[in-house]
Every structure is written in structure tokens, then in C-alpha cells.
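With the hints in hand, could you dock these two chains into one complex?
Here is how the chains run, residue by residue.
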Amino acid sequence: MSPASRKRPPVELLYLAVLLAYPLLVYPEDALFRLTEISIGMQLTYIFIYAILALGLNVVVGFTGLLHLGIAAFFGIGAYITGILTVPAYPFQLGFLAALALSTAGAALLGVLLGAPTLRLRGDYLAIVTLGFGEVTRFTLRNLEEITAGTRGLNPVPAPSLPVAMTVPLHWLGIEPDWSLDYRLFYYLALGLLLLVVVLLRNLEHSRLGRAWVAIREDELAATCMGINAARVKLSAFALGCGLAGMAGCLYATTLTSTAGPDAFDFNRSIIMLCCIILGGLGSVRGTLLGVFLLIGFDNVVAPILDGLIQGADINPSGNPLLTFSNWKLMIFGLALILMMRFRPEGLIPSVQIEAEMTKDLPGPRGIRAEAR
Amino acid sequence: MTLLKLNKLIVRFGGLTAVEDVDCVVRERQIFSIIGPNGAGKTTVFNAITGIYEPSGGTIEFRGQPLRRRLSWQVLVLCVVVGLITGFGAALVSVDVNALWRAAIKRNYARPGEPFSYAAAGHDAWNYMQGTLALDRMRGNRWAVRTPDGRRTLGYAKSHDEAEQMRSRFEKLIDAAGSTTAPVERDGKWVVRDRDDTENLASFEAEADARAVLDKYATLARDPAARRRSALVALLLGIVVGSAGTWAVWSRARRTPEVISRAGIARTFQNIRLFQNMTVLENVLTGMDRGLRGGVIRMALQLPGIRQQERAARERARRLLGFVGLAGKERMLAKNLPYGDQRRLEIARALATEPQLILLDEPAAGMNPAESIELNRLIGQIRDQGLSVLLIEHHMKVVMGISDRIAVLDYGAKIAEGTPEEVRKNPKVIAAYLGSEEVS
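Line order of the protein sequences matches chains A and B.
So the first sequence is numbered by the numbering used here: it starts at 474 and just counts up by one.
So the second sequence is numbered by the numbering used here: it starts at 89 and just counts up by one.
Which residues of chain A face chain B? A few of them, derived with a C-beta cut under 10 Å, are: (1) L586; (2) I620; (3) N676; (4) L677; (5) R684; (6) E691; (7) T697; (8) I701.
Here are the simulated EDC-like cross-link-like pairs (lysine to aspartate or glutamate), alpha carbons at most 16 Å apart as the crow flies: (9) K423(B) with D692(A); (10) K194(B) with E619(A); (11) K423(B) with E691(A); (12) K96(B) with E108(B); (13) K194(B) with E618(A); (14) K260(B) with D284(B); (15) K277(B) with E287(B).
To list a few chain B residues with every Cβ distance to chain A over 10 Å, as calculated: (16) A232; (17) M254; (18) M488; (19) D498; (20) G523.
Since the hints were made in silico from the structure, they are not lab data.
Note that this is a predicted model, so its numbers are computed, not measured.
Don't be surprised by glycine CBs; every beta carbon is placed ideally from N, CA and C.
Bound conformation, chain B alone (with noise of 0.2 Å):
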């Protein structure tokens, strides 16, 4: 059955082609390799399998699916959280959070010790926002007419009725004084009338006391409106910013390497990263990662459950070293390793996430005969446990001995496929290893 299918991949880094139109198929239970000379563009090819590069051409597929994050509605919820978070920060900035905790909170608590209610404050933090004028009650049940943030004082009244009344006058003259309205003369006087033309506001016996009472009034008119128009539009756009941010970031990491890997393929490198400081053991275990659950709190705790489910991590790790031979190594720090230990931990480590599908990126580098001959029997038992390699090598003797198919990659394009008989005989492999006859 088909494991992982590459369909015309193709991967350009600017205008230069490191991989250009590659087929292959690996099917289930099979080692395959690819091999071709330095800069044919097999590593290339695993990056683009593993996900840390995005092919620019092409598909890649394994078990018929092309490995990309699930949209899921976790990811949906979140765009609309952060675009909320977002707005509702922006619209914070815009309206002062200064003045609206002086609005809602100071005023409705001046002296400690007084009764406190938050449907108050938060009504007032409304009012604040729609640039109602505010009522103060003062000592001697007197009341105040203040502007929104309570700065500015604008009148007193002896009752809560008087002063309610004020209010709505206030609100009147500076709604008139936004709109275009001018003063009239009525009987000898000049009077401020309000929008809709219906009722006296004030009246003045010099028109340019009118009119300054008028401009007085706009400043605090424009304000309010002005404000309002900036918060919305600060919470809108923090919502659309915020949210389409997180799509964004989100759509464009959707095939990653840990995507891949928790799809079931693993990998070892060329120039070997290991946790360095780590030691071999905990290495395996970073591998099983996940394979292991609980959340940060019953991981704090240590609770039973953990604990158990770790000391069986342990457990299948001794196992895969055993199964690699670093049996009793699981001590040491990775990088005090020898070089082809290093290579073999490598291998466990990308066991440990229970892969399908191991690539294997020249495994043999700098390893003695001795070792790769161990090597190769190791490869066989990966298979032999119903996973399938793929594998890049230049120790032609590990390749021919164990590889049930193997591509020839030259200047990034596949040059032969075949069983391993086949692929010695090809001329044109023959040709890009050790050169074409000239022709003379």
C-alpha cells in the first residue's frame, strides 16, 4: 500500500530550482533511497517531506492525505478571541482609559469607606462613553452638572430634579451648539434656541454674548461625538486586524515540521542536532512527547497518574535504546557520545514518536565499516517492525545491501528509480557518478 507519495515536487529558493519535478512512491514495509551526487537536492527533498521547507510546485502526500494542520473550530474561536482582545484594547486607548476609571470609578467612590456599587459605576462607565453629561451629588444634597470625564463643572442645582433638568438643558444647548444654529432676536433679546427650533435655551442681551456661550459649548459638543466615532472605529478595526492577523498567522503555518511529525514521519539529520545537554535518555523522552498528556497543573503536582505515565515513558525509552545499542548509555550527556552513538540516538529519538515513516539522512556519515554493517542490520529491523525507510546514503555498500528501491537524483531532477540491480546497470547513473565518456 502507498505510504507517502510525492507528485511533481518541485522547490525554488528565489530563482535558483534545488528540486525540480520529482515523483516517487513509498510504499508500506519498504526501504527506499535516494541517492545522487553532493547538491543533487536529496536533503532538499526531506526538508520539503518534513515541512520546514513549503515546495513550491507539486503535492506530497502521505496515506493519501496532504499533511496540513485541520481547521478545526478551536481555531476559529481563537481569531474571534484575539480580534476581541484586540479591539477591545484599541478601544481603551481611544477613549482614555484615564478619564473613564475617573468617569466610573473615582466618582462614584471619592471617600473610602462609602457604599460602592459596580451597576453604578458601570452605568456611568456608559454614560462616559456616550458623552452623557454627568449629575455629582455634593454635600448638603446639592448636585452637580459635570462634563462626561468629571473634570469641568458646568452648573449647580439645589435638587436631583433641578439638576436633571439642567442636564437636559445643557445637552439641548450644547446639541445646538454642535448643529448650525444661530442666534435670533426675539423681542429686544437674543436668544439660543435649540436644534429642532422648538424652545428657548437661554437668551443674551448682546448677540455676541450668544455666540460665545455657543462656541463654548461646541468644544464640548464635537468632543463627545468625535469620541465615539473613534472608539467604534477602533474597536472595529481591532477586531478585523486582530482577527485576520491570527487567520493569517495561522493559515501560513498549517504545514509545519510538527504537524508532520505527528502525522506519523520522523526523521534523523544530516549534521546531527541532538539536545545536546540533554541526556541520552531524556532525549528519547522528548521524542514520546506526543505520546505523553496532562496539563501543567497535574504536571506541577506530580499527581499519580503522571507519574505513572512517565515511569512508563522511561520504560519504552530503555526499550528503544536497548533496541538501537546504547543500552547503559542513558546516562551520559548526548554530546559526550561518540560520533555513530550520536547517529543511533538520533535513530531512537525519531522512533520514540512512533513513526510510519523514518527518513534517514546518511546514517552512515563517518561511521566505520564495522558500524555500518551494524547499521544496516538496524535498518532492517526498523523495517522488519512494519515501517518503512526512506533513505539518503552515500555508502553505495549499505545502499545496494539493503534498499528494496532506490531514485537517482542529479541537479534536482530524478535521473533513474528502480531495484537496485537495475539502477547499477543505468547508464545515466553511471554517467552522473563517474562522468560520460566523451565521444571522440
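Next up, chain A with everything else stripped away, as it sits in the complex (with noise of 0.2 Å):
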């Protein structure tokens, strides 16, 4: 990042500063709590987690330029990778961090396997491929019953192991020191986490690779007559694709204490995630983080606190199923997406935008006309 942009405090830390407190805050929370009976905070954890896989699809499909419609594969991939090493069914039962580095290496690696021989494949083909990658993965886990437990998944897995020294400061703050009992433990190891893979994918972003990456999508064949390898560099835009997808099903298959059934990962999840980078404006790490918190936060938050009000306002006393408001939350999805394409197919926060407020910090002309000179 260049020395200019630190000066001026980004919007983003206000945000920042926002999700932080909110758990500590703790009135909102039991507020929230009351009027719509789920732990809005856990939900925001889930969200944080959507958000580390729609950061992994978006170095795919948003850097790169290659249709990946099978990212859900490798977030399943992480979750049981996670589950075999952790639950006490089986003789491994590493921990957490383990667990975390095995996953997010496992995916990684089984994308460098799916995407070797497919990256030459170009477009449509490719999103083929990762598609029917994605539903093998699904059935695979699915079949592979004395591994996985079929269809019902592997549970329980354990909680992270906080350390010893941890118990004071968090006692300091309020927070229990146990993982099922307050949720904020989750909360803020999830937040931490996406909050390190923003930081890392900004640093690559502005670096070799990253403009790599985009250049490949911007026209592959004038990056390679630029030295550039493009094989090389797809794959390594998939390996940390899907390494991040299985780093977000390690956190999830642990916040869920079980790996839920191999459909948790199916078509439909790809498809959503796609939707939120495609939302917040694809190449963006802004966009993309805006996408998963107005979608999934849209139907995890919003939609659970407008059901709350409405039943909390006696208007809907029968149970009319067309006064629910979640039965209409499809149909909002989907009219907001056609609006989208029709007003602003680029996205919310379009990459080059930010590429051009991004510049705008850069030393400007005056530098360069004095070395002209």
C-alpha cells in the first residue's frame, strides 16, 4: 500500500471498529436476541466465514477470469478434512490450528489436481469442469460412507483450545472461556481470520502476482507475450482460491461442531457465493466483502429481525404464510439481482474504481515531469 493511503483513515476501520464492538456492547445483542429468538452474533460469525470463501472464489473469478462454479467443493473439502483430523470417532484428533493449516493446504492442493489439466480450457468449458467437479465432490463424500458418515456427517468436532493465557483477558472483557457457551469466542477467531486474509490478499494484490492475475484476464494472450506463465499463474490464482474456501470450511466445520451432510456444499452454495462477488463487483476485495454482508447478511440478519417485528407487531396473528417475511426473501434475492444487471452489471464497488482512487495516492505527475526534465 502506498504511504499516502495511511494517512487518510479509511472508511472500512469505522466498519471495523463497528463489528468489534458489537459483542462487547452487549445490550444489542440480547436486544436482537429477544426480538427474533437466533443469536444474531453467531450469525455475523457465519457471515465473516462467507466471507473468507467469497474472498477465495473472487481470486478465481474475479482477479483471474476464470468461471469457478464448484468453489462449494473445496469449502466442503476443508470442513471434512477438518472433521477426519478432529472428531473423537477417529484416532487423530489434531488441533484447531492444525487442523486449519491441514485443510487450507488440502483444498489448495486438490485444486492444484483439479485445475493442472483443466486450465487450458477456456470459459464456459472451464465452468463446466469445476461443475461437475463440485457435485462429484458432493456425491464422493456422500458415498464414501465408512469415511465421512454419508450423509450425516461428522460430528462432534471439538473446539479450539484457548490458551492459558488467554482466560485473563477475556475474563477482563466479559467473555466466557468456553466455546459453547459464548458465542464471541467464534466471533472474534473468525473476524481475525478475515480480517488477516484481507490484509495478505491487499499485499498480493498489489504485487507481481496480482497484476499477473488480472493482466491473464485482461487478455492472456498479450500477458504470456509479456514473459508472463500463464499456466503457472492460474494455477497458483486456484490454489489460493480454494485454499481459502478450505480455511473457511475449517472455521465452519468447527463453529458448527460437525461438518453438517455433504448437501450443505452443493451447487446452490457456488452459485450464492457467485452471486455476492458478482454483487459487490467482481476483482474487488471491497466489493466482495460488501456482496457477502448485504446477501448473506440480507438473509441471515435482516430477514430474521423483520420477522421478528412483524410478529412482535401483532399484525400477522394467524401465521399467514404471505405476512412471513422469509418466505418472500427468494424473490427480494432475485429481483434485486435483475435490477443489478440492468443498472449496474459491474457491481456495487467495481475493481476499477478502486484501481482509480487507489492511483489517485500515488505520486503524482509533478514527480515524474521533474525526473523527465
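Here it is as C-alpha cells:
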């Protein structure tokens, strides 16, 4: 990042502060819980996890321009690797950090194995291959009954162990040092990992590799004529994207204390993730985060709150399904996408604008003219 | 000194010959132009040089070497590794990974909290592949003899020794059942003897019972042998297919644009191919890719070395932009540049790869007279920096003004070559451009 961008505190820091403070101010969570009877903080935790997944997908689809329709498979692979390595039914029982690292590495490796033979395909053909891989993975997970426990999923995935040094500061903040009693531990774990991923991706985006990804998206032939090894660059994008998906999968399984069934990782999930990054703006980290918060947030947070309000206002005493907001969710979602495609096909925060904005802070023309003279 | 040498270059598309027997020699610090009417095959020559097309015949040498990716030990290692992965994957599928998991992991870890030994699991996995019968310890020091995958129990024993004996008897029985052994009558009983006919394995009152037992174990006998065989075949086939496939893919992609660019030949395109949604500066930085170092982790962490390198690269990119006359426009998106600037940016991006030879494909197309004079100067400066320029151009002013040597293509063949003066007077060239006079 350029030095000048550090001077002006970006608006993201404000959002981050709100997210950091939300669980510590106990009141909003309690009020929302009374209204909706679900823990909004827990839902936010899942949103953070999906944000990591979407960022991974964004590396492949947004930066490098490879249409990947099977990201949910890698999400599932991460979850199942974590499950196999940690559940008490199997003898491995690794700790959380080891499972996180191995899930990420395992999903990345499978991404490379899928990518290496198929990255020569262009556009639609690659999309079909990844789509097929997603479905194959789901059925494989279901049919390897002995290993994955079929449709039941592996559980219980144990919670991470807290370092002893953490208990005192946690007590100080009023957080119970028990993962099953207090959602806030998972909340901060997921938020922390999300932050880490965002920072690392931003760095990569502005490095040699990030430029090579975008160059391949813009014009593959010209990029190879500039000495960029297209196969290797695409493979790195695939590995990173799938690895991040695996990491999100590990977090998901740990938070849910179960791998869920194979059907939790179906085509639907891939498409929702794709919608998130298209809505937010392909190829932009900020846009991706916005897309996830809007779409998944709408699904998991806004809809239950509205349901609770309608319930609370006694508008719908007879339980009429037309007056339950959740039943309109998909329709609103579809409508929003159609309107988006009509009025803002490039997404809410497209990467082009970001690029232009970002470069505003580079040492300006004055410096160059002085140099040229 | 000779830089680029085309020797009888031929490019065919199906039955259509686009370029035929073209010879060319570009020397160091030379501006060499290729001219000719539309459709003469000029851009095809460029594409063949830069590795976009594979020449159908003839050779292209750069500094005395054919431009091909070198065979290195990494490639061979890659072939072997891919082969092993493929073979291992195929073998896993063929032995039924589900049953293997059950035999190796689940049998050794039936209840949570039991001690688990990886050695025992590995041993059991090996036994499973071999098709050896498995021994399971039950509660109360009882033992069970089971099929390799642990699904069928053949018998129970009271001690380990007894279980071992039982296993060896069952294995002999299975072995016998798998061979052509038939029950024989001894002392009024029907006896099943082992394969080598040395001992009695079981005896029955009726022949039908003995045959039934043999039939029952015959399926077990066929099973492990067939599995062993198919696993081996899958493994070997996977290794062969995987490594041969990797080799085939590698050897077909030896002459790619990337290799040629890295060897020191850069190019621009007739229909501008900039990275439209990147800024001007980023376009040039992309050209510098091969000069930058650092792995993914170092880049993700933005370690000081990487930052410094990036800063130096930006500095160089700005100098290059100043050189082609785009100073001050570095923040603009490439697609928002005016046409002439886009052409100049393509030249800057090509120069960023630090080439020894730069191929310019109609750089003056669409420029006004003032701009093409400016371009002439720029091409001259590029040569003065020690580079050679291979130029396709239609503007005769540009071509005649700066070229050291000119080759004329018509219908894919070279019809003339020489200094601008010689080419200008060549009747064949005049005929190609203006049409020949009809003899009446």
C-alpha cells in the first residue's frame, strides 16, 4: 500500500470498529435475541466465514477471470478434512491450528490437481468442469460412508483449545472462556482470520502476482507475450482460491461443531457465493465483502429481524405465510439481482473505480515531470 | 552480428499457405521493415516468431539458438510426481478406499480413547491390500478371524495362538478353493485337502457338503487375487498415463510466447492489446514481471525486500513512460488513453520486458502526420539504445525514413529485400503495390 493511503483513515476502519465493538456491548445482541430468538452475533460469525470463502472465489473469478462454479466443493473438502482430523471417532484428533493449516493445504492441493489438467480450457468449458467437480465431490463425500459417515456428517468437531494466557484478558472483557457457552470466541476468531485474509490479499493484489492475475483476465495472449507463465499464474490463483475456501470450510465445521452433511456443499452454495462477488463487484476485495454482507446478511440477519418485528407488532396473529417476511426472501433476492444486472452490471464497488481511487495517492505527475527534465 | 534468422519459414493453416519460404536476417542495432500489401502474411511472420503460431516448416533462430523451453531436471521430476499421484489415486479407487479405511483405521480404533498405533494401521492396510485374513481381538481375550475388509467373520478363537492356527487353516482352505482341488473320499468321509495335497483341512459326511464349502470360499479366493491384480494394473497404468501425459503436454508447449519473451523478443500488436482495465503504470509493470523476484508468501507479507524491489520497478516504469512520451498519464486507465497514446503505451510495455529485439506491428496505424514523425524519432531512439527493431508498417514515410533494410512480402513469399533505395526501385515491388502494366 502506498504511504499516502495511510494518512487518510479509510471508512472501512469505522465498520471494523463497529464489528469489533458489537459483541462487547451486550445490549444490542440481547435486544435482537429477544426480538428474533436467534443469536445475531452467531449469524455474523457465519457471515465472516462466508466472506473468507467469497474472497477465495474472488481470487479465481474476479482477479484471474476463470469462471469457477464449484467453490462449495472446496469449502466442503476443508470442512471434511477438519472433521476427519479432529472428531473423537477417529484416532488423529489434531488441534484446531493444525487442522486449519491442513484443511487449507489439502483444499489448495486438490485445487491444483483439478486445475493442472483443466486450466487450458477457456470460459464456459472450465465452468462446466468445475461444476462437475463440485457435484462429484458432493457424491463422493456421500458415498464414502466409512470415512465421512455419509449424509449424517462427522461430529462433534471439538472447539479449539484456548491458550491459558488468554483466559485472564477474556475474563476482563466479560467473555466466558468456553466455546460452547459464548459465541464471542468464534466471532472474534472468524473476524480475526477474515482480517488476516483481507490484509494478505490486498498485499498480493498490489504485487507482481496480483498484476499477473489481472493481466491474464484482461488479455491472456498479451500477458504471455509479456513473459508471464499463464499456466503457473492461473494455477496459483486456483490454489489460493481453493485454499481459502478450505480454510473457510475448517472454520465452518469448527463453529458448527459438525461437518454438516455433503448436501450443505451443493451447487446452490457455489452460486450464492458467485452472486455475492458479482453483486459487490468482480475483482474487488471491498466489493466482495460488501456483497457477502448484503446477500448473506440479508438472509441471516435482516430477514429474521423483520420476521421478529412483524411477529412482535401482532400484524400476523394467524400465521399467514404471506405475511412472514422470510418467505419473500428468495423473491427479493432475485429481484435485486435482476435490477443490479440492469442498472449496475459492473457491481456495487467495481474494481476499476478502486484502481482509479487507489492510484490517486501515488506520487503525482509533478514528480515525473521533474524526473523527465 | 546476427540477432534473428528466419530460415525458409513456412506457416500453413490447413491447406492454406500463409507464409512460404521466407528468409530474413536481422542484425544488431538494425531497423528492419517488412512491408507488403494487405494479406501478404506479415503479421503471420510476427506471430510465428513470437510463438503464437508453430511454424509448419523452416527454423527461427535467435542469437544462433532455436527458441525452445529447455529440458531441465524439474520437468522430469514433475513427470514422475504427476505419474505417482495419478497412479496412487487410481490404485486407491481400485482397492476401494472405503474398505481400506475400515480395515486400517476403524478396526484399529473401534472405540474413542483406545490407544492407536500408526504402525498397526499401516500393517493392516498392507494386509488388506495383500488380501490376508484379519485377526480382531474381541472382549474377554477372544479372537475373530475376518475377511480382509473386516466385513465377514469366518470364525472365533479363544486365544491368539488358536486364532493364528485358524487363520492359516482358512487361508489354506481359501487357497484350495481357488485352485482346481476337488474333495476326495478317505475312510468313508469326504475330505478337502490343501493345494499341495499334504494335509486334511476339513472333512464332511457328504460330498455335497464339501463342495458347498469349497464354493463358499472360492469367491473369497478370487476376490483378493483379483483385487491385487487390478490395484497393480491401476497403479502402473496411472503412473504411465500420468507421466506420459505430463511429458506430452510439456513437449507440445515448448515454444510458447512466454519462452520467447523471456529470451528477449518483445512485441506490440496490430489491434492494440493493452490490459484495458489496468492503469498505464500497471501495464508497464506487468511487462517487468520477469525481472521481479519473490515468492507468494513474501509478496503476501510485503517484506522489505519486495517493497524495495517494487519501488525500484515503479521508478523504472515511470522512466520508460517518460521515454515514450506518456509522462504524467500513469494513473489513467489504459482504455481511456487516446489511440496514439495506447500505441506508445504498448511500446513502453514491450520495452519493459528488456528485449534485445522489439517487433512493432503497424505502430503508425491511425496516427496523424505529426504523431508519426514523433514515432519515427522514438523508433530511432530505441535503436540508439542498442535494440534491434523489426517493423511492419504501411506508412511509406515512416518505413523509408528510418529503415536500414526492408523486405517485401507478397502472397506469403518474399519478393524483394534490400536498402530502402533498392526496394523503392524494384519493379516487382512496384508491381505488387500498383499492379503490373498490361502488355498490349
